[in-house]
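Asks: Single-letter residue listing:
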Amino acid sequence: MSRNRVLRVKNLSVRYQTQKGPVHAVNDVTFDVFENEVFGIAGESGCGKSTLIRSLMRLLPDSALVTASEITLSGQNLQSMPDKNFREEILWSKMSLVPQSAMNSLNPVYRVGHQVVEAIQAHRAISKAAARNRVAELFDVVGLQADLMDNYPHEFSGGMRQRAMIAMSLALDPGLIVMDEPTTGLDVLVQERILRRIREIRSQISSSIILITHDIAVIAEMSDRIGVMYGGSLMEQAPAIDLFESPCHPYTLGLKNAFPSIRNKGQELISIPGSPPTLIGESSECSFLERCPFKAEECSKEFPAIEKLAEFHEVRCFRHKEAPKLRELASNKATWLSSN
Amino acid sequence: MAILQLKKVSRHFEIKSGFVAKRFQGQPDRKIKAVEGVNFSLEQNEVVGIAGESGCGKSTTCMMIAGLLPPSSGEIIYDDKRIDQMGVEDLRWYRSQVQMIFQDPYESLNPRFRVFDTVAEGPRALKLYPETEIADRTEDMLKSVGLSLEKYADRYPHELSGGERQRVGIASALVMEPRMVIADEPLSMLDVSIRAGILDLLKDLAKQRHFSCIYVSHDLSILGHIADRLMIMYLGQAMEIGPTWDVIQNPQHPYTKALINAVPVPDPRVRRPVPEIKGDISRPIDPPPGCRFQSRCPHADQTCGENFITLQSTADAHHHAACHRLKEL
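Order-wise, the sequence lines are chains A and B. The opening residue of the first sequence carries number 1 in our numbering; numbering runs sequentially from there. The opening residue of the second sequence carries number 1 in our numbering; numbering runs sequentially from there.
These are calculated hints, taken from the structure and not from any lab test. Check before you lean on any hint, since a few could be wrong.
[As the list claims (entries may be wrong)] The calculated DSSO-like cross-link candidates involving lysine-lysine, where the alpha carbons are at most 27 angstroms apart (straight line), are:
no.: 1; chain 1: B; residue 1: Lys207; chain 2: A; residue 2: Lys333
no.: 2; chain 1: A; residue 1: Lys128; chain 2: A; residue 2: Lys10
no.: 3; chain 1: A; residue 1: Lys325; chain 2: A; residue 2: Lys301
no.: 4; chain 1: A; residue 1: Lys295; chain 2: B; residue 2: Lys8
no.: 5; chain 1: A; residue 1: Lys84; chain 2: A; residue 2: Lys94
no.: 6; chain 1: A; residue 1: Lys256; chain 2: B; residue 2: Lys31
no.: 7; chain 1: B; residue 1: Lys31; chain 2: A; residue 2: Lys265
no.: 8; chain 1: B; residue 1: Lys143; chain 2: A; residue 2: Lys265
no.: 9; chain 1: B; residue 1: Lys203; chain 2: A; residue 2: Lys333
no.: 10; chain 1: A; residue 1: Lys333; chain 2: B; residue 2: Lys31
no.: 11; chain 1: B; residue 1: Lys8; chain 2: B; residue 2: Lys22
no.: 12; chain 1: A; residue 1: Lys321; chain 2: A; residue 2: Lys265
no.: 13; chain 1: A; residue 1: Lys84; chain 2: A; residue 2: Lys128
no.: 14; chain 1: B; residue 1: Lys8; chain 2: A; residue 2: Lys20
no.: 15; chain 1: A; residue 1: Lys265; chain 2: B; residue 2: Lys151
no.: 16; chain 1: A; residue 1: Lys333; chain 2: B; residue 2: Lys151
[Claimed, not checked] With beta-carbon atoms standing in for the labels, derived distance ranges:
no.: 17; chain 1: A; residue 1: Asn104; chain 2: B; residue 2: Lys31; range: 40 to 46 angstroms
no.: 18; chain 1: B; residue 1: Gln27; chain 2: A; residue 2: Asn104; range: 28 to 34 angstroms
no.: 19; chain 1: B; residue 1: Leu68; chain 2: A; residue 2: Glu155; range: 30 to 36 angstroms
no.: 20; chain 1: A; residue 1: Asn104; chain 2: B; residue 2: Gly305; range: 34 to 40 angstroms
Every residue gets a Cβ at the ideal spot worked out from N, C-alpha and C, and that includes glycine.
Generate the whole structure from the sequences, applying the supplied hints.
Replies: Below, the structure written as structure tokens:
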């Protein structure tokens, strides 16, 4: 399968220097995003998923040390680009962000439409009237009435604000839209409507989407491919159906057991004992070691390298060859209890 | 015998219009009808789930049951006593019988109290037992929520993870030996991988310690795992109540159907059906008479605007829904 690659990230790491030692917020992450696909990144709080995309968008504070061997967007090298050029040429026009808590990301003292017009005019030399026409078009795409343009954010409901932020991210036809928890905190009926709208938009335009969420059900519904992050590393990535039907990393197996489904009466939920690592200090062991019921001797000696199982299925686990056996063991609650 | 009964309980909040609005713009005072005519009962050792979207009145209902907010009308009866008419002394007794587990484990613990003192605080405040017994009970309680005394007793909340904090919250509620526990979204702030553990803990403790529980959540997938019965609320009105999986697998009310269809499923092969309902949830400020769901309901007719039909039994005697077109649909 040869598809056009939109984004390539290779060996990206983010470190913070703190009084307690270095914090490895993101650790050696490599992934690609192809044209017209949704790449989902799943993970719990503190796993580094937001830091990862903020480093791509250059939104991290100066104290963050970002290193990578390659970051390219549509063939353009982003690493060597000065901040000023990045802001003018890339941000919004080639890569846009729907931030986490997009509900609170609108400026309360400006009309919603004005804020979108402002973003358009900052990048394109077009008249205000033309920009407003564009905003009306965008509002229509996300399912807002065009006359709501002149309302203030407080006159919008949470779902409407979220849709306005999505409209803004579409304004300059970027090739890549990054959505950080776009539906967290919204009620299910509103969430369903927004996700349906995102899917419709995707079939109309040819943007790729990186969708970041902790909600396994949302990511299953939306993504073509999924990456699972834990403790700053991308532990497993695979096409959505492969990830759900033949997961290989013990953490993915555990997450699957822990997530309740309304279609599944009598399902036994199994939590993963322990809590996520602090990521402070240098460490050479697997970050899931402490909570893993399948740990082997080598796991504490070095961090497993990326193993390719199929063309798009990669996993970081020494025991990936035993996956079918582990899958069976992982569905038994006793397996997880015995590890601690 | 029911341990708790709510009879036509309503709670309204007034919004006073300012002088200018009233005098020059003719805007009268308005009323938020947060909860309207809710009837329900909680049996001994039963877990009832209350579900609904934000603004549906589920938290207001909990606060009234906990005795933190008096109802505007209706009766709340606990063990043959009306709690809405209780004096200070009786309320103090009632509050030892009913405990709450709060949503946010980061906000609901006093940052200056060590774990041990947080858990011991309740029995100390009500002088339930002598100090040595309080210490024993606290130790027992911490053990049964999975926190060892040596490791955790002297820690402060900031030294705990979210899951550990929620365990402390559960311990400090249950150390009072309540007969009824109200849990208001206790898992929503926790990570997926540890939710199941807390849910199991709550289920096991309910069995061991024989308390009844009202579990409030907007997450129907979680309620499916803990609740015996499920009540669905919409803008202050109870729309449907019945055994949990009957409601989930065979919803009767048009709103319940839409809500359950909209719950996302962790399976990439499943697509949620497009819901039939239209529009957005409004706010219960001076709502029109009749069913509050009528403006969004695909099956609404004239009768729906005339009066709200309260819960009535469906084909199954334990399963009730509040819709007058129940039989046709």
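Asks: Can you give the numbers of the hints that this structure goes against, from lowest to highest?
Replies: 2, 4, 6, 7, 8, 10, 11, 12, 14, 15, 17
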